[in-house]
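Engineer: These are the residues of each chain, in order.
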Amino acid sequence: MDIQNTQSQMRKGVLEFCILSIIQQGEVYPSDIVEKMKLANLHILEGTLYPLLTRLKNAGLLNYRWVESISGPPRKYFVMTDEGNAAYNVLLKTWNEMADAVQLITNNANNINTLKADQAL
Amino acid sequence: MKKVININFQGRILPIEEFAYEILKKYIDSLRDYFKNEEGCDEIINDIECRIAELCDDRLKKGAPCITQVDINLIITSIGRPADFEAQDGFEASSSSNTYSTEDTMGGNYYDNESSDKQQTKKLYRDEHNKVLGGVCSGIANYFNLDPLLVRILWIFLIGVNILGYLILWIAVPSTSVKEVGGVRKRLFRDIENKLIGGVCAGLAKYFSIQVWILRILFLIPFIRFVVNFRHLHLWQFWDAPDFPNLLDITFSPGAVFVYIVLWLVLPEAKTSADKLQMVGEKVDLNSIKNTIQTDLEGFGTRAKSWGSAQRSARREESSNHPNENKDDNASNNNKSENKGCFHFVGNILTILIKAFVYFILGILIISLLAALFGLGVAGTSLLPLRKFILEDGLQNWYMIGAIILFIWVPVIGIVTAVVRKLAGFKKANTLIRSSFWALWILGWVCIFLFFSSLSKSFSKHNIPVEKTVALANAKLNFLTVTSEPKMKYYEDHWFDITPFEKFTDEDTFYVRNLRIRITQSKTDSFEVKIIKLSNGSTKEEANKLANNINFNIIQKDSILFLDRGIGINKQDKFRNQHVIMTIAVPIGKRIKITKKGWQQFNMNVNGHGFRTERIDDIGFGNDPWDGEWKNSYDDESFSYERGVEYLMTASGLEKIGRMDLDNEVGQDDDTSDIEQQLKELKEERQKLEGDLKKSRSEKMKELEKIDRALEQKSNDQKDKKAVTNNTSVIPNLNNVSKVASKFGDLQWVMERFAY
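Chains S and P, in that order, are what the protein sequence lines are.
Count along the first sequence starting at 1, add 16, and that's the number in the working numbering.
Count along the second sequence starting at 1, add 42, and that's the number in the working numbering.
For reference, chain S alone in the conformation it holds in the complex (with noise of 0.2 angstroms):
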C-alpha cells in the first residue's frame, strides 16, 4: 500500500476544508491564512494557496475585495459567496459524519486492541 499518496489523499480534502472554514469566519487576507493554519499546526505555501484560492473563486465559492492598505497598492481580500456557504454547511456536515465514523471505528479498533493485550496478560 501507498502510505504516501494516501496521506495525500486525505490532507487534500481536508486542507480546502479548513481554508473555507478560516474564510467562512470573515473576511481574510491570504498571507493571514497561512498564519491561521500554522497556528493549528497545518502548513500551507503560499505558493499552493494562491492557485487554490483562484480556483475556488472561480468555481463561484469565493468572491474577493480590493482592500486599501496603509502603505503601497490595495490587497486583495477573499470572502464567501452565499454559494460558498452552502458547500461549506455541507462540507462540515459531511466531516463531522467522517469524524464520527473514522473516530468511532478507531476507538472500536482500540478498544478491542487493549482487550486483547489484556487478555494476553
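Please note that the accuracy of each hint is not assured.
As the list claims (entries may be wrong) - Calculated cross-link-like contacts (lysine-lysine; reagent style DSS-like; alpha-carbon spacing at most 27 angstroms):
1. Lys632/P with Lys698/P
2. Lys613/P with Lys565/P
3. Lys397/P with Lys237/P
4. Lys68/P with Lys92/S
5. Lys616/P with Lys582/P
6. Lys92/S with Lys397/P
7. Lys67/P with Lys44/P
8. Lys103/P with Lys54/S
9. Lys698/P with Lys725/P
10. Lys237/P with Lys78/P
11. Lys616/P with Lys503/P
12. Lys73/S with Lys582/P
13. Lys730/P with Lys742/P
14. Lys722/P with Lys736/P
15. Lys78/P with Lys92/S
16. Lys599/P with Lys510/P
17. Lys430/P with Lys237/P
18. Lys92/S with Lys104/P
19. Lys237/P with Lys464/P
20. Lys92/S with Lys54/S
21. Lys565/P with Lys632/P
22. Lys44/P with Lys104/P
23. Lys78/P with Lys28/S
24. Lys52/S with Lys510/P
25. Lys599/P with Lys52/S
26. Lys92/S with Lys67/P
27. Lys54/S with Lys104/P
28. Lys572/P with Lys510/P
29. Lys632/P with Lys510/P
30. Lys510/P with Lys464/P
31. Lys613/P with Lys503/P
32. Lys518/P with Lys599/P
33. Lys499/P with Lys565/P
Note that these hints are calculated values from the structure, not bench results.
Got chain S; can you put chain P on it based on the hints?
Structural biologist: For chain P alone, coordinates are given in the frame of chain S:
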C-alpha cells in the same frame, strides 16, 4: 561590490541587487511555467507577485537599503518553489501534476519517506571547485563517490578523443554555483516519458529543442556502420564507394554506444514536473553555450596547474592520514544511507548494462534481418522477367508476384516504418495499420505456399527416357576432344544469379546447361555417342513433349566434337528441368579429352582427389526419384574424369595419361579459388594424417615396449611367435605412411598448377 537596480514591481518601486533580481525573475518564470496549464494562470502569478512585492516592501520598511539575494531567497522559501509544491502532498490538485507526484512515490517504499529529501538532492552537478576544464569529471566523481582522478583517467581511456560527450555534459549539467543560487537553469534529464531505450536521446532533444529523431539517427550511425562493416553480407559488397562522412566518424563512431550508456547512468530521470520544467527550461542557443564555456574556461591554465599540485599534496595527505579521519561528522552520519544508495546504484548499473547489451543485439538482429529480406526482395524482383520461362500463365504468376510483394516487401516496409515511428517518438502504433500489415504478411505466406505447391505440381511428372544414338561423321578416330560450341551466344550464367533486367528483355530464349557427360567403354572399335533427353512436366505427355523439344546439337569437326552450350528454353515450353545425359563410348586403346575451354560456366563440383565428378544437374529440381534411378543405373566411375586431361581407355577402364594441359583459358580465376580450397584441404588432411601417424607410432612404440618387457619373461619359442604378430600390427602404420606420401604427391601437383 554589487550593483543595485530599481524595478517597478506590481506598483512598487523596489531597489534590488542585480543578482537578486535575476533570481527573482527566474523564479517567477519557473512559476509561470509551472502554472501554465492552470486555469487563471495570470491571476495566480499576479497574486503571488503582489505578495512578493509586499514582502519586499516590508523588508525595506524595516530599514534595509535594498533587496538582497538573501531576502529574495527567504521570500522564495516562504512562498515555495515548484519542487516544493510537488512535495506538498499534491495539494494543488491539478490533475496532470498529480499523476507525476504519484509516479514519484510509486517506486519509493514506506521507509524512503524520511530520506526522500536527501535522495532528491542527489543530482549531478559540475563541480565548480575542483574543475580542470568544465568540472564534468569531478562532478561525476562526486555523484558516484569516486576519486575525480579515476574518473578523469577512465574518461580519457574509454572515450579518448570523443569530446562530444564531455561537451554535452558540460553544457547541460548545471554547475554547483547554480545549486547554491537555486535558479531554474535548464538541465539535462533523461526523458522517460518519451523514451525508447533509456530516454537519453529524448532528454537531449528536449534540451537542445530539436527533434528527437535527429539525435537518434546520430546515435544510430555508428551502429549501422557496425553492421555494414561486416562484409560477409553479400548485399553490402556493392556498398564500397563513398564511406560515411569522416567527421561523424571521428565524433561519434567509437564511443556512441558508450556515451549513451554513460549518459544513461549519469542523467537523472525527469520525474517531477519541476524536473520536466527544468528539462525544457529556457532556450539554449549558441550564445548561452558560448557564455557557459567562456566563463568556465577563464583561468583554465592556472587551474590546471594548481589542480596538479593540489592532487599531489592531497595524495600525500591521504597516505599519511587514515582516510576515515578526513571525513567530517556529517559524512559519517550519511554513511549508512550512502551505502544503501550504493547497492541500489550498482543494481541500476547492472540492469542498464544488461539492457544496453540486449538492445545492442536486438538492433543488430533487426538490421541484419532487414538486410537479408531486402536482398531477397531485390533478387526476387529482378528475377521477375525470367518468370515467363518458368511459370505457367495465369494463377502461378499472381502467386509469385503476391509472394514477392506480400511475403518479402511487406515485412521490409513494415519493419522500416515501425523503426522510423519508434525513432520519431510515436507512442502508439496504429492498430489498424499494424494488423493490416500482419494480415498482408499472412496472405504472403499463403501465396508462397500456393506458389510452391503449384510449381512443384508443374514439375511433378517426368518423361519416359529414350536413348538415341548420335551419328558421328568419323567414328574411327584415335583421339576425340569434346568441347563446347565455339560461336558466341548469350547464356545465362547461373540460375539464381541476380542479373540486371536488360539482358533478358530482348531475349526470348535462355539457356540452361543441364548436361552430364559420362564416358564408357565401347564394345566396337569406333566412338559412339548417345543422348538421353529428360524433362519434367505437370503430366507425362507434357514431359514427353518437352523432352522431344529439347534441341541439343552435337557436331563433329575432325577430331573435335562440338556440343551446344546449353538447352534452349523458350517462353512457350518453359523450364521444366530439361536435362541431357550424354554417353560417349570410347573404344579400348583410344584416347579422349574433355576440354575445359568454354565449359567454365558449367556447374561442376570438384572433389579434391585427383578425379572429379561431373554433377551438372544438381541445381533446381534434379532430385526426383526417377532421376536417381538413372543415376544409379550408371556406375559412378563413368562420370569420374577430369576435364582438360587426356585419358586412355583400357580394358580396366579410363586411365589418365596426360597431366593437365594448361591451355590459356578464360576464367582461370574461377578455378584458382577452387584450387586454393583444394590446397587447403589437402594440407589439412596431410597434417591430420601426420598427426595420426605420430600418435599411432608412439602408441605402437609403447605397445612394443610393453610386449618386449612381457616377452623377456617368457620363453624363447613364444618370443618368436609374438614377434610375428608385432610385425602385423606395424603394417597399418606403413599404410599410413604411403597414404601420406601419395597425398604429398597430390599436393605438389596442385601447387604446380596453382603456381602456373
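Engineer: Could you run down the list of hints and mark each one as holding or not?
Structural biologist: Structure-based check of each hint:
Distance restraint check for Lys632/P and Lys698/P: the Cα-Cα separation of roughly 12 angstroms lies within the 27 angstroms cut-off, and the hinted pair is therefore satisfied. Under the criterion of a C-alpha separation no larger than 27 angstroms, the hint pairing Lys613/P with Lys565/P is inconsistent with the structure, at around 41 angstroms. Between Lys397/P and Lys237/P the alpha-carbon distance is near 14 angstroms, which keeps this suggested pair within the 27 angstroms criterion. The hinted pair formed by Lys68/P and Lys92/S meets the criterion: a straight-line CA distance of about 25 angstroms does not exceed 27 angstroms.
Under the criterion of a C-alpha separation no larger than 27 angstroms, the hint pairing Lys616/P with Lys582/P is consistent with the structure, at around 15 angstroms. Restraint check for Lys92/S and Lys397/P: not satisfied, since their Cα atoms lie roughly 56 angstroms apart, outside the 27 angstroms limit. Of the supplied pair hints, the one linking Lys67/P and Lys44/P holds, its CA atoms being roughly 17 angstroms apart against a limit of 27 angstroms. For the given pair, Lys103/P sits about 25 angstroms from Lys54/S by alpha-carbon distance, which is consistent with the 27 angstroms threshold.
Distance restraint check for Lys698/P and Lys725/P: the Cα-Cα separation of roughly 24 angstroms lies within the 27 angstroms cut-off, and the hinted pair is therefore satisfied. At most 27 angstroms may separate the alpha-carbon atoms for a hinted pair to count; Lys237/P and Lys78/P meet this at roughly 24 angstroms. For the proposed pair Lys616/P and Lys503/P, the alpha carbon gap of about 15 angstroms is at most 27 angstroms, so the pair holds. Using a Cα cut-off of 27 angstroms, the hinted pair Lys73/S and Lys582/P is violated, with the two alpha carbons roughly 94 angstroms apart.
For a cut-off of 27 angstroms, the pair hint linking Lys730/P to Lys742/P stands: about 18 angstroms separates their Cα positions. Taken as a hint, the Lys722/P and Lys736/P pair is honoured in the structure, with Cα atoms around 21 angstroms apart against an allowance of 27 angstroms. The straight-line distance between the Cα atoms of Lys78/P and Lys92/S is roughly 22 angstroms, inside the 27 angstroms bound, and the hint therefore holds. For the suggested pair Lys599/P and Lys510/P, the alpha carbons sit about 20 angstroms apart, so the restraint of at most 27 angstroms is met.
At roughly 50 angstroms between alpha-carbon atoms, Lys430/P and Lys237/P are farther apart than 27 angstroms, so this suggested pair is violated. At roughly 23 angstroms between alpha-carbon atoms, Lys92/S and Lys104/P fall within 27 angstroms of each other, so this suggested pair holds. Taking the CA atoms of Lys237/P and Lys464/P, the gap is near 9 angstroms; set against the 27 angstroms cutoff, the hint holds. Between Lys92/S and Lys54/S, the direct Cα distance comes to roughly 21 angstroms. Compliance with the 27 angstroms bound is thereby established for this hinted pair.
For a cut-off of 27 angstroms, the pair hint linking Lys565/P to Lys632/P stands: about 12 angstroms separates their Cα positions. Pair hint Lys44/P plus Lys104/P holds up; C-alpha atoms about 21 angstroms apart against a cutoff of 27 angstroms. Under the criterion of a C-alpha separation no larger than 27 angstroms, the hint pairing Lys78/P with Lys28/S is consistent with the structure, at around 22 angstroms. Distance restraint check for Lys52/S and Lys510/P: the Cα-Cα separation of roughly 118 angstroms exceeds the 27 angstroms cut-off, and the hinted pair is therefore not satisfied.
A distance of roughly 122 angstroms separates the Cα atoms of Lys599/P and Lys52/S; the hinted pair therefore is violated under the 27 angstroms criterion. Restraint check for Lys92/S and Lys67/P: satisfied, since their Cα atoms lie roughly 23 angstroms apart, inside the 27 angstroms limit. In summary, the hint linking Lys54/S to Lys104/P is supported, as the alpha carbons are separated by about 24 angstroms, within the 27 angstroms threshold. Between the alpha carbons of Lys572/P and Lys510/P the distance comes to roughly 5 angstroms, so the proposed pair stays at or under 27 angstroms and holds.
Distance check on the hinted pair: Lys632/P and Lys510/P sit about 23 angstroms apart at the alpha-carbon level, within 27 angstroms; holds. A C-alpha spacing of about 66 angstroms is found between Lys510/P and Lys464/P, which places the hinted pair above 27 angstroms, so the restraint is violated. For the hint pairing Lys613/P with Lys503/P, the CA-to-CA distance comes to about 20 angstroms; that is within 27 angstroms, so the pair holds. Only pairs whose Cα atoms come within 27 angstroms are accepted, and Lys518/P paired with Lys599/P is accepted, the gap being roughly 13 angstroms.
For the hint pairing Lys499/P with Lys565/P, the CA-to-CA distance comes to about 41 angstroms; that exceeds 27 angstroms, so the pair is violated.
When each numbered hint is compared with the structure, violations occur for hints 2, 6, 12, 17, 24, 25, 30, 33.
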